[in-house]
Amino acid sequence: MSFQTPITIAQAMDKIYSNEYLLPAIQREFVWPANKIEWLFDSLMKGYPISSFLFWKVNEKTAQNYTFYKFIDKYRQWYKTHNEPISTDGIPSFTAILDGQQRLTALYIGLRGSYAYKEYRKRWEDNEYSIPTRHLYLNITRPLENEEDDKEYEFSFLKKENTKEDDIYIDSNDQMWFKVGSILNYRNEESFDELIDNFELAFSRKSLRQLRRVVFEKPIINYFLEEEQDLNKALNIFIRVNSGGQPLSFSDLVMSVAIANWSDAREEINQLVDEVVRKGFYISKDLVLKSFLYLHSADIKYKVTNFSSENAEELKEKWSKIRATILETFELLKTFGFNDYNLTSKNAVIPVIYYLYHKDVYEGYSSSIKFKEEREFIRKWFHTILLKQVFASSSDTVLIQFRQEFTDDVINKPLKDAISYFPREFKKIRSFSANDDFIDDLLSTQMGSKYAFSILSLLYPNLDYRNNFHQDHLHPKADFNNLNDEDKNKYKWESYNSICNLQLLEGNENSSKNASSLADWIEKSTQNKDRDAFLERHLIPNLEDYSIENFGEFYERRKELLAKKLKELLQ
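Numbering-wise (the numbering used here), the sequence shown opens with residue 1 and increments by one.
Because the hints were derived from the structure by calculation, they are not lab data.
Please note that a few of the clues may not be correct.
[To be verified] With a cut-off of at most 25 angstroms between alpha-carbon atoms, the simulated BS3-like pairs for lysine-lysine come out as follows: (1) Lys567 with Lys450; (2) Lys80 with Lys206; (3) Lys334 with Lys370; (4) Lys388 with Lys334; (5) Lys334 with Lys380; (6) Lys160 with Lys74; (7) Lys490 with Lys564; (8) Lys15 with Lys36; (9) Lys279 with Lys359; (10) Lys80 with Lys118; (11) Lys279 with Lys346; (12) Lys118 with Lys346; (13) Lys477 with Lys334; (14) Lys57 with Lys46; (15) Lys372 with Lys359; (16) Lys359 with Lys80; (17) Lys529 with Lys492; (18) Lys380 with Lys370; (19) Lys159 with Lys179; (20) Lys334 with Lys372; (21) Lys388 with Lys564; (22) Lys359 with Lys321; (23) Lys380 with Lys316; (24) Lys492 with Lys513; (25) Lys450 with Lys122; (26) Lys559 with Lys492; (27) Lys301 with Lys321; (28) Lys380 with Lys567; (29) Lys61 with Lys74; (30) Lys316 with Lys301; (31) Lys565 with Lys450; (32) Lys279 with Lys334; (33) Lys179 with Lys218; (34) Lys372 with Lys321; (35) Lys179 with Lys164; (36) Lys80 with Lys279; (37) Lys359 with Lys301; (38) Lys218 with Lys206.
Using the sequences plus the hints, can you model the full thing?
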């Protein structure tokens, strides 16, 4: 391994574009946020070094045994983050990047690609409204001044819909922006001089000249080249080099070991993550690999030494069952009404994965009539541990304690009997008292809170959560303004909008209720029906007066009713 003659950024970008530079499967995927790319370009413009790179020369024979990937250029948060695999058949040799992938990808996206990330307060939907495509631009009107982070050049990813991808974009403040990738069109000095002549501002000319120097003239890319054709050696170098600077995550390192022993590991794990995302849960490969360790390894801590080539072989051998169990577990959570927002702990999923996996009941578990009663028990257990925030800290310790209770005696019992160990052993693991303060905190939870669903789901267990359901104000939102001054000052919006004035309703029933007053809805719903049964089902106290003028009595009585029920459920 030796230092090579440095090359320019433009030369490196050309080699990425022509697939002369590829990524080995042991590499993690691109993880930099947009502002870090902007920072990198500012650093280059100011002449700061960006550290050396480590490349691996791969010949055709070596390449046949492993999977390699292209660099990503059109990055879309959550939806296009995976690198595309490439066939290396017929390529005599190429260069694989062992260290520097993040920096090179950042440069490639800035100069030849795009970066799309979700707009604030928009939904996670794969469209230009929620996740607009952006290209990197440089403000050539003025430098930054008095910046705390010492930035001088203002780089920013601007929306495609605003800039129309033009080379020059003038914003609403008359600031002039140059599309950074367009500098690649000015390799010829003559054409560049013609471009410069179009600008009157000295800063415009200065910044464009500096950008061209950085990309075309300065040999910034310093690199070592490893030529030995031994992937294990490359892997060891990769892990050692990446233990400094911005460290790899546990899953990145584990993935590297897994891929060295199972070339399809990356594709398989990425496909599983994508399938879970399509179910509405945003997980990472960390959870997949953590689940594997939980299922088959004595030590589950995030240390690369806990994952060996033997582990990787076992992951490959057991993968089909592991994959099916993880998918079925998230399908089960979906039938419980969970989504990524109200599933407040992903670690809480792992004991359920463990149970279904070792019990061999994961196929069709979420829909089989045979397991209906048992699913209800798991549903209640799951909401309980989320509300009591069992995994809020020391999650590894809690997971290990859970697993210690899953003895052969538990696993080998009929599922209906064994499932009863969930709450019993949970109480042994950590003592939580459903005291008055805890219940008061739950009842003060606001509509739309990530915990509101779990509270209301415990209170309304008989809804079909596979279908549409709504959080509904018993006294409609609009009626808050009709409270008398005394009640409005005493209860305020925080009480009116709390669990004490909320219920869960089937979508159709809520549409029927619409914005009816509580009194009108009860009267309409109980005509020729058992009024007491209706009130009991909806957890409404039995009062003579349900008008908004009597909100105080309704609130106090319902709070008392809900507190009693939650104490029974959470003991």
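**Request:** Would you check the hint for lysine 490 and lysine 564, treating anything up to 25 angstroms between C-alpha atoms as holding?
**Result:** holds, 23 angstroms
**Request:** Compare the distance between the alpha carbons of lysine 450 and lysine 122 with 25 angstroms, and conclude whether the hinted pair is satisfied.
**Result:** holds, 17 angstroms
**Message:** Next pair to validate is lysine 565 with lysine 450; report whether the Cα-Cα distance is within 25 angstroms.
**Reply:** holds, 21 angstroms
**Prompt:** Regarding the pair lysine 316 and lysine 301, is the alpha-carbon distance no greater than 25 angstroms?
**Reply:** holds, 20 angstroms
**Asked** Holds or violated: are the alpha carbons of lysine 279 and lysine 359 at most 25 angstroms from each other?
**Response** Satisfied, since the Cα-Cα distance of roughly 24 angstroms is no more than 25 angstroms.
**Asked** Is the hinted pair lysine 372 and lysine 359 satisfied, with a Cα-Cα distance of at most 25 angstroms?
**Response** holds, 16 angstroms
**Asked** Quick one, are lysine 80 and lysine 206 close enough, alpha carbons at most 25 angstroms?
**Response** Measuring from Cα to Cα gives roughly 36 angstroms; hence the hint is violated.
**Prompt:** Holds or violated: lysine 477 with lysine 334, Cα cutoff 25 angstroms?
**Reply:** The hint is violated at about 29 angstroms.
**Prompt:** Are the Cα positions of lysine 57 and lysine 46 separated by 25 angstroms at most?
**Reply:** Between lysine 57 and lysine 46 the Cα gap is close to 31 angstroms, so the pair fails against 25 angstroms, i.e. violated.
**Message:** Run the distance test for lysine 159 versus lysine 179: straight-line Cα separation, threshold 25 angstroms.
**Reply:** With Cα atoms ~12 angstroms apart, lysine 159 and lysine 179 stay inside 25 angstroms; holds.
**Item:** Pair hint lysine 388 and lysine 564, alpha-carbon separation not exceeding 25 angstroms
**Value:** holds, 17 angstroms
**Pair hint lysine 380 and lysine 370, alpha-carbon separation not exceeding 25 angstroms** = OK: lysine 380 and lysine 370 at ~18 angstroms, within 25 angstroms.
Violated hints, in rising order: 2, 13, 14, 16, 17, 23 and 29; the structure is consistent with all others.
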